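Participant: Protein chains in written order, with this note's numbering: chain A, 3 to 420; chain B, 34 to 417.
The reader is advised that the hints may include incorrect statements.
Taking lysine-lysine pairs in the DSS-like style, the calculated list, with each CA pair at most 25 Å apart, reads [claimed, not checked]: (1) K289(B) <-> K232(A); (2) K232(A) <-> K102(B); (3) K293(A) <-> K274(B); (4) K243(A) <-> K197(B); (5) K274(B) <-> K177(A); (6) K274(B) <-> K151(A); (7) K99(B) <-> K293(A); (8) K99(B) <-> K232(A).
Residues from chain A that keep clear of chain B, each with C-beta distances beyond 10 Å, as calculated [to be verified]: (9) R6; (10) G73; (11) N101; (12) F132; (13) R214; (14) A238; (15) R291; (16) M329; (17) N336; (18) V394.
These are calculated hints, taken from the structure and not from any lab test. Model, not experiment: these values are computed from the prediction. Virtual Cβ for every residue (Gly too), placed ideally from N, Cα, C.
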Amino acid sequence: MFFRLVYESFRRQKRRKLLAGIAIVLGVAVATAMIAIATDIGDKINREMRTYRANLLVTPQADTLDVEIGGVNLKPPSDGAFLDEADLPKIKGMFWRHNIVGFAPMLPVTTHLNNGSAVTLLGTYFAKPFSFGKEDFVTGVRSTNGWWKVDGEWPRDDASDVLIGQRLAANLHVKRGDTLTVGGEQHRVSGILSTGDAEDDEVVAPLAVAQRILGRPGAVRRLYVSALTKPEDALARRDPKSMNPELFDRWYCSPYVQSIAYQLQETISHSHAEQIRQVEQTEGNVLARIKGLMLLVTLAALFASALAVSAAMATAIFERRAEVGLMKALGGANASIAALFFTEAAILAVLGGAAGYGAGLILARQIGRAIFDSDISIQPVLFPIILVIAVVVTFAGSAAAIRKAVLFDPVFALRGEA
Amino acid sequence: MSSFPHEPAEVVARRAGKPHTSMFLRMLIRAAVLRRGRAASALLAMIVASAVATAMLNLYTDVQAKLRKEFRNYGANIVVIGRDGASLPGSALVETESALGGRGIAVPFAYVVARTSDGQSIVVAGTDFDRVRKLNSWWSVTNWPANSNEALVGARAAAVVSPKGQAFDLTFQGHTIRVSPAGTLRTGAAEDSRIYLSLANFEGWSGVQPSTIEIAATGSPEEVSESLQRIAQAVPEAEVKPVRQVMEAEAHILGKTRAALLASCSLIILTAALCVLSTLMGWVLDRRRDFAIMKALGASGRLLNGFFAAEAASLGVVGAVIGFVIGIGIAIWIGRVNFHAPVVPRFGVLPIVLLGSVVVALLSAALPISVLRRVEPAMILRGE
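Just chain A, with the same shape it has in the complex (with noise of 0.2 Å):
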């Protein structure tokens, strides 16, 4: 009787059921798709932000000191020591292999211009497709310094082809086609270069036509390095000298930029990596600030869902005090009433929480696609969740209502008395 009570308030009150189920729906999407671009949103504004700028930079450990001023180098170019190119590709072979979202080698070289001017020539990767173990992938200036602006063509990194900065390409008067003696040889310049640093006044090559020139192959002055982050805390400051193996292996597993730059350091011989504090400090700062704001209007979206979804339940059961009234005057316990009540609801919240859930993923989907053309990771395990959730909030939200109803007396309800 119980169940045919239940099936049958389904088959015959379809337009209510459809109603609250709506709100159900819509209440339980929204929550899902905001918990999801909240858990989500510090990975992807941590990549934009990767792709903007390195935050490590690798230099030789026996360097001399650079002699830079404005980003200009006045050191002679044989000076001091070297990376080896090839121990490049070993990087994704570290432990935090997949934080690693780009990084780029830079072998700055002092040249001349046929008519004799001495200029200087950038040797990096633009966009340097490798293969290490069974992983592919491509790296360069492209992806790690999304500020700098090409008019015309990146060069092949293969090629020998080169970028011109915007201010001496004004100067020399070259455009892009054009063939620039450098070094006493010939290349073709695929495109001006704009960046509003040192290099609008360089030339930048592929490393390999830097290092031709140098006369050293395999030869990398720095590498600056893009690596996703875990915010410094006291853990992340400590000396790894200091530690006891099982706290090293604690820290050396979570991928603070202290620990990323200890591994590359292992992994690329005779090397110092160091943070670049004025990238990794302040982006810190700004990521704590705007997933704390997504946090915080996750809650409200919470507090908004599960108002709806409440308000929805006790408009619902508001409507049906005449057919309460029928069932306490045919004998029907408070219980048993508020039993077929709840019963109702938590099929409700079951199917509208099934059908938020996937609602609520094609949403956070479309958010993440329209804003970080990427996709919105969800784990799984907020499923369950979410479903405990739409159950609590529809039983909280139905129970007063129920109570309301049980308690009403049904001669009034009957005659319509409300």
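With the hints as your guide, set chain B onto chain A.
Facilitator: Relative to chain A, chain B alone:
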């Protein structure tokens, strides 16, 4: 009306003169007072919805300014450089500051390549320590120099010139200065290889004037580029350029954050509106007997529509005003908790919230009324 037999005739006459208005108001008020429970829940939904909407709109307009402040910790977004590495004229800093008009901070830097006592080349910079401390908050400094002839030594430079923290000599064009390291500086970039002196020390020793002014201008991108243009006019001898890697990263991240926030706020406001819709629909449906009685007593369709519309609208207005106050409170709280700075209440949000609330309330009332209008009053009164 005639329930007060002792009322003077003129009062009765006056009331009779404008029966519609007073009766209308009376019905509105009594409806709310008699059905306190239902009216209160409808009002509560209205308040919550407009509070959430107010808080979100406030945050949305304010968050950009707040995040921009965080981005200013990046340091300079404009640099002024003497053309071809030349020194800037002595008045450049003063003129830059007056062009900036207090909206930002300007820090002078002078550079030379000096030699240490064992003949190594090293970059020595002169600057204003108090200002640089505010500009580059990411500098990790063990101890800032306070006295004359004290230097801030980059971490890598320290290992070369003063591994044990002893005083050392610097020579530039035959002039030698003896400085003692006050503390070490760590940035992970070129600064680690430099030695920083106070500007007075630096100029007295090398005779070189500042060649660079780094500026952290505050405000929106438009305000920053205005500042940039004013500075360029004030110091025509120098090259004034934006620090693109800072400006573009800022614009990019802000854009993404705002978009994510906009999407979230729209979803939340939609949900809140939904909540109002279902509560108010319930409220109006619940009053179908009032509706039927009025209709049975000969009220016209227009009057009934007007009555329910006025009821919904006043609910919307009251809810919006109370919700606005609460919403401002929420926004201020979020500002404190997340940004550690007050959120300025935006009263420009009020008309939007007010209008939105009234529209949603009218919409919620219109749907059930259009259903009820098709029903015969007798059917409703019989409880069918």
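Participant: So is V394(A) really clear of chain B, every C-beta pair being over 10 Å apart?
Facilitator: 17 Å, holds
Participant: Measure nothing beyond the straight line between the CA atoms of K243(A) and K197(B); if it is 25 Å or shorter, mark the hint as holding.
Facilitator: Satisfied, since the Cα-Cα distance of roughly 21 Å is no more than 25 Å.
Participant: Would G73(A) pass as off the interface with chain B, using Cβ distances and a cut of 10 Å?
Facilitator: 8 Å, violated
Participant: Can we confirm that no CB of chain B comes within 10 Å of the CB of R291(A)?
Facilitator: Violated, since 6 Å does not exceed 10 Å.
Participant: Taking the closest pair, is the beta carbon of R6(A) still more than 10 Å from chain B?
Facilitator: Nearest chain B Cβ is 25 Å from R6(A), so the label holds.
Participant: Please verify whether K293(A) and K274(B) have alpha carbons no more than 25 Å apart.
Facilitator: Not OK: K293(A) and K274(B) at ~32 Å, beyond 25 Å, violated.
Participant: Quickly compare the C-alpha distance for K274(B) and K151(A) to 25 Å and report which way the hint goes.
Facilitator: 16 Å, holds
Participant: Does K99(B) pair with K232(A) here, judged by a C-alpha cut-off of 25 Å?
Facilitator: 22 Å, holds
Participant: Straight-line Cα separation of K99(B) and K293(A) no greater than 25 Å?
Facilitator: Within the cut-off at roughly 14 Å; holds.
Participant: Confirm or reject the statement that A238(A) sits farther than 10 Å, beta carbon to beta carbon, from all of chain B.
Facilitator: Fine: 13 Å to the nearest Cβ keeps A238(A) off the interface.
Participant: Are the Cα positions of K289(B) and K232(A) separated by 25 Å at most?
Facilitator: 20 Å, holds
Participant: Verify that the Cβ of N101(A) lies farther than 10 Å from every Cβ atom of chain B, and report whether the claim holds or is violated.
Facilitator: 18 Å, holds
Hint compliance for this structure: hints 3, 10, 15 are not met, and every other hint is.
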